[in-house]
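Colleague: Protein chains in written order, with the numbering used here: chain A, 654 to 918; chain B, 279 to 542.
Among the clues, some could well be false.
[Unchecked claim] To give an idea of the chain B side of the interface with chain A (calculated C-beta under 10 Å), a few residues:
no., residue
1, 291
2, 451
3, 532
[To be verified] Heads up, simulated DSBU-like pairs for lysine-lysine below, C-alpha to C-alpha not over 30 Å straight-line:
no., chain 1, residue 1, chain 2, residue 2
4, B, 442, A, 794
5, A, 794, A, 766
6, A, 766, B, 442
[As the list claims (entries may be wrong)] Far from chain B, by Cβ distances over 12 Å, these chain A residues were calculated:
no., residue
7, 727
8, 781
9, 792
10, 795
11, 895
Worth flagging that the hints you see were computed from the coordinates, not collected in a lab.
Think of the CB as a built atom: it goes at the ideal place given N, C-alpha and C, for glycine as much as any other residue.
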Amino acid sequence: MAGSTDVARSAELLRATGLSKEYVTQKGPSILAVDDVTLTLGDGEFVSVVGPSGCGKTTLLKMFSGVVTPSRGEIMHRGTRVRGPRAGTGVVFQSPVLFPWLSVFDNVMLPVKILRLARGAYEARARELLTLVGLARFAEKYPHELSGGMQQRVAIARGLIHNPDLLLMDEPFAALDALSRERLNLELQRIWLDQRKTVFFITHSIPEAVLLSDRVIVMSRRPGRLIAEFDVPFARPRDLDVMSTIPFGKISAQLRHLLQQDDDA
Amino acid sequence: MRNRIASVAPLIASVIVGLLAWQLIVTLFHLPSYVLPSPASVWVALVAGLTGDPFARGSYWYQLWYTVEATVLGFVIGSTIGFILAAAMAESRLAERFLMPYVAGLQSLPKVAIAPLFVIWFGFQLWSQVAMAATLTLFPVLMSTLQGLTTTPHERLELLTTLKSSRWQQFRYAKLPGALPLIFAGLNLGIVYALLGAIVSEFLGAQRGMGVIMTQLQSVSDTAGVFAGLVVLAVTGYVMIAIVRFAHRRIVFWDRDTRLTSVE
Chain A
654 MAGSTDVARS AELLRATGLS KEYVTQKGPS ILAVDDVTLT LGDGEFVSVV GPSGCGKTTL
714 LKMFSGVVTP SRGEIMHRGT RVRGPRAGTG VVFQSPVLFP WLSVFDNVML PVKILRLARG
774 AYEARARELL TLVGLARFAE KYPHELSGGM QQRVAIARGL IHNPDLLLMD EPFAALDALS
834 RERLNLELQR IWLDQRKTVF FITHSIPEAV LLSDRVIVMS RRPGRLIAEF DVPFARPRDL
894 DVMSTIPFGK ISAQLRHLLQ QDDDA
Chain B
279 MRNRIASVAP LIASVIVGLL AWQLIVTLFH LPSYVLPSPA SVWVALVAGL TGDPFARGSY
339 WYQLWYTVEA TVLGFVIGST IGFILAAAMA ESRLAERFLM PYVAGLQSLP KVAIAPLFVI
399 WFGFQLWSQV AMAATLTLFP VLMSTLQGLT TTPHERLELL TTLKSSRWQQ FRYAKLPGAL
459 PLIFAGLNLG IVYALLGAIV SEFLGAQRGM GVIMTQLQSV SDTAGVFAGL VVLAVTGYVM
519 IAIVRFAHRR IVFWDRDTRL TSVE
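All chains should be modelled from the sequences, with the hints used to inform the complete structure.
Modeller: As structure tokens, this is what we get:
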């Protein structure tokens, strides 16, 4: 474990212990996607996971969201065992997954509808979130009238509307061009500083992970295990210039070496 | 405006050339009017059939009203049943297994061949025509609705699952609206088939309807009258399709395919 700092960790939000997921295939042996992962997410912490494709990151995220049931181990949310989806989770996928027949505003409000919350109580929050992601003027537009980056911002607002304590993001910016991606990275930081939700963030991009996170976790090739964990000490708000500093380069290099070693093994 | 003229001009030219060629063939080969009537005599028959007393048996309006009634009733009943069956098959494995043999069996059957049975069951009455129209409407609507309801993008359902959605909510908020473009594709076919079913059933036995009057005109070798009847049916079919397309564009406003085709 490298780069440990003394950032005072606040109360824990989610604790996974000995988490494994085995997929049974129709013929042949079963696939061990996630192997014995033990991990704690602090309240309000931004944690990224990097690792090779197919290393079980997404499976781990799905177990956190309650969509996938672990084969072994358990997940505790503030001391209560997680069995299935919770109302307190927001999810953002790689693609925006907006509903084309709903306006931007109604897309953001969809979780409120599905969770049967009082619509009136969340309308103001929806407007605030749309302002926060810079789309206040687009509330009445429809998804096909928006660019890919704008659609993904709507998805982030939707992920936050029901005031979840945990936001799960599965490579949310992977489909965007480099410039939009950097801009959205900074925007996500701003949103996170504003909302202070716990974020569990999957990415392939090492700079993205280091820029955004309090802590970066490295997963191995399948079966996915945790092989390293880095604390990222830079003060916030961070700008893109931090990426050209020596400490940033050091952490990135260490992460890259770890991933390469795993590649060669 | 210029563009509009440019796009309409070839259409008009095509109609004029077609009519002239038709007239030319009739005069050149001295064809008797019971084989191929001239465009002019078809026009005369059409005007006569449309301008007379609309409640007289010889009026196309009188006959057409009956055919339209049978078509619309059959379309509504057939597409409703088709939708309900498709929803049941999409949502329940048991329903799918139970219904599939019938659907598969009836699909390959030329369904107009059932028409004589409907005459036995319903007689020469409106319901005989309605049943045929409904039967022909049912299958395209069922198949396309089933396809639409079972091809919901996985991520939309997963998103709703993370929000503790019920099965009804998944149906109501993801599957059904997502299926609408395909449902309308089925309805588009369905309305054409409904009219076809009504006419075929009228040929076979009915008191009234375009199919009836066209058979009568044929028996007295009034070929111009038969042609005029075809014109009436073509326009009727066109109007019906236009209504379904209009509803399609209005309801499935987000569907880019329809927006593109709406330019036509």
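Colleague: None of the hints should be skipped; say for each whether it holds.
Modeller: Now the hints, each set against the structure:
A cut of 10 Å between beta carbons decides the hint on residue 291(B): the least distance to chain A is about 37 Å, and the hint is violated. Given the 10 Å rule on beta carbons, the hint for residue 451(B) holds: about 7 Å separates it from the nearest Cβ of chain A. Annotation: residue 532(B) was flagged as interfacial toward chain A, and the flag holds, the nearest CB pair being 4 Å apart, inside 10 Å. Among the hinted pairs, residue 442(B) with residue 794(A) is consistent with the structure: their alpha-carbon atoms are about 27 Å apart, no more than 30 Å.
For the hint pairing residue 794(A) with residue 766(A), the CA-to-CA distance comes to about 19 Å; that is within 30 Å, so the pair holds. In summary, the hint linking residue 766(A) to residue 442(B) is supported, as the alpha carbons are separated by about 11 Å, within the 30 Å threshold. With a minimum CB-CB distance of about 19 Å to chain B, residue 727(A) clears the 12 Å threshold, and the non-interface call stands. Under the 12 Å C-beta cut-off, the non-interface status given to residue 781(A) relative to chain B holds; the minimum distance is some 20 Å.
With 12 Å as the threshold on Cβ separation, the claim that residue 792(A) sits away from chain B holds: the shortest Cβ distance comes to roughly 16 Å. At roughly 6 Å from the closest C-beta of chain B, the C-beta of residue 795(A) falls inside 12 Å, breaking its exclusion from the interface. Residue-level check passed: residue 895(A) sits 33 Å from the nearest beta carbon of chain B, beyond 12 Å.
Hints 1, 10 from the earlier list are contradicted by this structure; the remaining hints agree with it.
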